[in-house]
Structures are given as C-alpha cells and as structure tokens.
Amino acid sequence: MKDWDDIAQGILKGQKRAIARGLTWIEQGRNDGKQLAQKLFPHAGNAQVIGITGAPGVGKSTLVNALTLQLRSQGLRVGILAVDPSSPFSGGAILGDRIRMQDSVMDAGVYMRSFASRGHLGGLSRATFGALTVLDAAGFDKILVETVGAGQSEVEIMQLAHTTMVVLAPGMGDDIQAIKAGILEIGQVFVVNKADRDGVDHTVRSIRSMLALASEHPAWMPPILKTVAEDGRGMKELADALENHWQHLTDKGLLERFRWGQTEHLIEQAMADIGDRLVGRARSGQEWSHWVAEVGTGTREAEHVAEELWRQEWRED
Amino acid sequence: MIRVLVAKPGLDGHDRGAKVIARALRDAGMEVVYTGLHQTPEQVVDAALSEDVDVLALSILSGAHPTLVPRIMELVKENHMDDLLVLLGGIIPEDDVDPMINLGVAKVFGPGTDTNDIVAFIRGRVEVV
Ligand SMILES: Nc1nc2c(ncn2[C@@H]2O[C@H](COP(=O)(O)OP(=O)(O)OP(=O)(O)O)[C@@H](O)[C@H]2O)c(=O)[nH]1
Ligand SMILES: [Mg+2]
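Protein sequence lines correspond, in order, to chains A and B. Each residue of the first sequence is one higher than the last, beginning at 69 in the numbering used here. Each residue of the second sequence is one higher than the last, beginning at 480 in the numbering used here.
Hints are computed from structural coordinates only; laboratory data are not their basis. Among these hints, one or two may not hold up.
[Said to hold, decoys possible] Far from chain A by the CB rule (all over 12 Å, computed), these chain B residues:
#1 Leu490
#2 Ala501
#3 Ala503
#4 Ala507
#5 Thr519
#6 Gln522
#7 Gly583
[Claimed, not checked] If you anchor each label on the Cβ, the simulated ranges turn out as follows:
#8 Trp378(A) <-> Glu606(B): 14 to 24 Å
#9 Asn114(A) <-> Leu490(B): 19 to 29 Å
#10 Val363(A) <-> Asn595(B): 45 to 55 Å
#11 Leu490(B) <-> Ala282(A): 45 to 55 Å
#12 Asp269(A) <-> Glu606(B): 35 to 45 Å
#13 Pro124(A) <-> Asn595(B): 27 to 37 Å
#14 Gln83(A) <-> Thr592(B): 33 to 43 Å
#15 Val607(B) <-> Arg379(A): 53 to 63 Å
#16 Thr331(A) <-> Ala543(B): 32 to 42 Å
#17 Phe157(A) <-> Asp593(B): 48 to 58 Å
#18 Leu323(A) <-> Val499(B): 22 to 32 Å
The beta-carbon is built from N, C-alpha and C at its ideal position, and this holds for glycine as well.
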C-alpha cells in the first residue's frame, strides 16, 4: 500500500485491505491518517452508526454477531468496531471480541476491527471518529460500535453514534450499576439480553421505571427489547427498533443536524491540530523559555503568547 | 504499537498455551487479537487482514501443521500480505521445522519456549511506528 491517495481509493471501493490499513493509520494518530479522514469525510454520511454499550459480559459481542447476521439477511452491509480497554500497566491489550463474532465476520459484506482504548484522553474518540468516517465512506449501511461500560471515553464514543443501544442482562447487580453509571441516559434502545435466564421481566420493569422518571413526554420513547443473542431470538425486532430510530431521526430532520455537528467537529479538530503544530514548533524556538518564565511570574499572559504564535505563523506565509 | 493475531487453526481441543502467549505479549505492551479455537485457514487470514496485524502467531498442537500452514501461507501470499511476520508454535517435530521455514514461517517455537524469547524475536523483527 503506497500512499494515502491509493488507500482512499481502495476504501471507496470497499476493499478490506485498504480499509484495514487506513484504520491503522488513523489509530496511530498519524498525519496521513488525519488527511485520509478529511478526504473521506465528504463521502461519508450515509451509514447509521449504532453504539452498543453495557457492562462486561452482558453479551454485547454475541449480540453484534447475531444482529449482523440479521442485517445481512436484509441485504445490508455491516461494519463493526469493537473497543476494548488497554492494560494500564503494560499499555498492551487482549482484544477478544472477535471470538464471539466468528459466524458473521467471514462474509464479504462484513468488516470487523478491534481497537484498544490506548488510554489517551480524547485520542480514542478522535480515532473512533476517523474510523467511522472510513467505514462509512467504504459503503457500509450499518456500523456497529461495541464498547464496555460507561466511562468518560465510552460516553464520548457513544456521542458519535446516531443510535445508542444499552445492553443489560438479568440480575439485580447489573441494572443498579448501569443506573448509577448514568448509562440509561444515553440509550435510545434498551436490550435485555440473556432472556433465557430468570429475572428478565424484573430487569425490564426496572429500566421502564427509570425511563419514566427521566422524562414524561420524550420525543423518542426508547423501546425495551428482550433477546437471546446466543440463538438469535429477538434479532428481527431489534433490527426493526434500530430502523425505527433511524426513521425518527430522518423524519425530524435530526440527521442533518447530526451531520452538521460532525462537520463542525472536523473543523475543530483541524484547528486543534494547527495549535499543536504551532506549540510544537515554538517549544524548540529561542523565545519559548522566556515566555514560559514570564507567564509563570505573571509578567505576560498565556493568551498573549498564543496570539504571538499565530502572528508568527501568518508572517511566514 | 505492535499488533499480533494469536490464532488456533485446526481441531485442537484446548487453548491454554495460546492464552499464555497472548497474555505474555499483552504484558510486553503489545495488542493481541485472539479469535478462539477451531479456526479455518480462511478465517485466520481474513482476521489477520481485517485487523491489519504485524504478526500472525499460529498455535497448532494437533499435528495438522503440514496441511494447515501451507494453506495459510498460500492465502497470505494471495492477499499480498508481504509485511506479515508469521510465527508457529505448538508441537512441531524437529524434521518439520525446515519445511515450515521454507513456506515462509519466520520462526518455529517448540513447547516450553520462554515467552520472553518470543517477545524479543518479535521486537527484533517488527519496526515500531
Ligand atoms: N445464556 C445466555 N448467554 C449468553 C447470551 N448471549 C451471550 N451469552 C454468553 O455471555 C458470555 C459473554 O458474552 P460476550 O458476547 O463476550 O459479552 P460482552 O458483553 O461482549 O463481553 P465483554 O466484551 O467482555 O464486555 C458468553 O459466554 C456468551 O456465550 C444469551 O443470550 N444467553
Ligand atoms: Mg465483547
């Protein structure tokens, strides 16, 4: 694979290898990855991005597998991104979501990729944003993003999704945890998986009462579905619920607003990149240590330094 | 960041060894995609391609390496994955090592290999971006 233009062409044709390499560049935060995401952005905006979140072990990956089979039977192409935490000790990670997705990922109409969270603040949501752009531009109709739990970075990722699906399983511990973590507020579709087990209706009731508490007349009333991901029960209903939410976004004109917000986000990122570049260059300049000392003692304002960096940038052009 | 696919092609009944390797590589700071038991060569190569890994670490205990590895290497070539480092571990008789290397396997690690040796070998061969 030569340069980012070749990769971009390959991605637009939906070639797995080009998609895979493009995602690597983006994950590494490389400059050509950023260029790639920008170039592809105008080609994106057609896919429904569906976030799937929930406590460890509730069956998210199994559900992604079963839902993918359902969507494929409807003739839809599916891109999958599964994010697992990196080890805070070594920085490494074991990415095991693919184990449960073996039935669905070999299909030519499916692409699945595992990402490690890599523990960098903000970096994960940026990499995810870029990755979603790539998968969208590659022509996938539905993009499923699996993340664990409801930490700050997971909530950020879920903001990149059109539809967020919160997965729970029967068992008192799970729902209380989810409610505490504020996970209920971000869901548009609720799934009680492992419906083959005892206590399903109890979990459904507790979600329903929490939702009623949250809002009296919501514009979108989140449905609560029961599934058995292991044998595919409830997948047709789940696919329908996700489609209904997509239709709701379309009908209310919310999709355009979403796209507008994402485009603004792209500009903000470009702005931040310029800032990073200027600071990086200034650090190796002669004036930097004076400025830092002056800001530290209050003889110069930090904002003044920033303005000076911008001014120097203009003078050079 | 070095990305590794630890794969178990064939009909082996357990994956303890593969999991030990996966954890050792994680503890050495690598990202390890693990796909579970009973993978076909097609699944292994599709995963390596999709996950864009630097290293494919195969674990085969069943003695089926003379059929599995040639097929995997054929698919690797078909997909032009020229920069992929392929390692083989498990129970591989001495006489089979050279034929495996001739197929394009970079190194064969026998049972009881110190995981540090595997880490060191990968670090020596994969350029980190
Ligand atoms: N009984 C039952 N078990 C299920 C069901 N769905 C998944 N499981 C099992 O639940 C376990 C966890 O499934 P995963 O799909 O890996 O769960 P996950 O939420 O992706 O887990 P993490 O990625 O580790 O957070 C596995 O042993 C599955 O076989 C179900 O509908 N019923
Ligand atoms: Mg999972």
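Outcome of the hint check:
1. Leu490: 15 Å, holds
2. Ala501: About 6 Å separates Ala501(B) from the closest Cβ of chain A, which leaves it inside 12 Å; violated.
3. Ala503: 10 Å, violated
4. Ala507: The claim breaks: Ala507(B) does not keep its Cβ more than 12 Å from every Cβ of chain A (closest is about 6 Å).
5. Thr519: 9 Å, violated
6. Gln522: Check fails; 6 Å does not lie beyond 12 Å.
7. Gly583: 18 Å, holds
8. Trp378(A) <-> Glu606(B): 14 to 24 Å: About 37 Å separates the Cβ atoms of Trp378(A) and Glu606(B), which means 14 to 24 Å is violated.
9. Asn114(A) <-> Leu490(B): 19 to 29 Å: Distance hint for Asn114(A), Leu490(B) is violated at roughly 42 Å.
10. Val363(A) <-> Asn595(B): 45 to 55 Å: 47 Å, holds
11. Leu490(B) <-> Ala282(A): 45 to 55 Å: 51 Å, holds
12. Asp269(A) <-> Glu606(B): 35 to 45 Å: 56 Å, violated
13. Pro124(A) <-> Asn595(B): 27 to 37 Å: With a Cβ separation near 30 Å, Pro124(A) and Asn595(B) satisfy 27 to 37 Å, so the hint holds.
14. Gln83(A) <-> Thr592(B): 33 to 43 Å: Since the Cβ atoms of Gln83(A) and Thr592(B) sit about 37 Å apart, the hinted range of 33 to 43 Å holds.
15. Val607(B) <-> Arg379(A): 53 to 63 Å: 38 Å, violated
16. Thr331(A) <-> Ala543(B): 32 to 42 Å: 52 Å, violated
17. Phe157(A) <-> Asp593(B): 48 to 58 Å: Distance hint for Phe157(A), Asp593(B) is violated at roughly 21 Å.
18. Leu323(A) <-> Val499(B): 22 to 32 Å: 48 Å, violated
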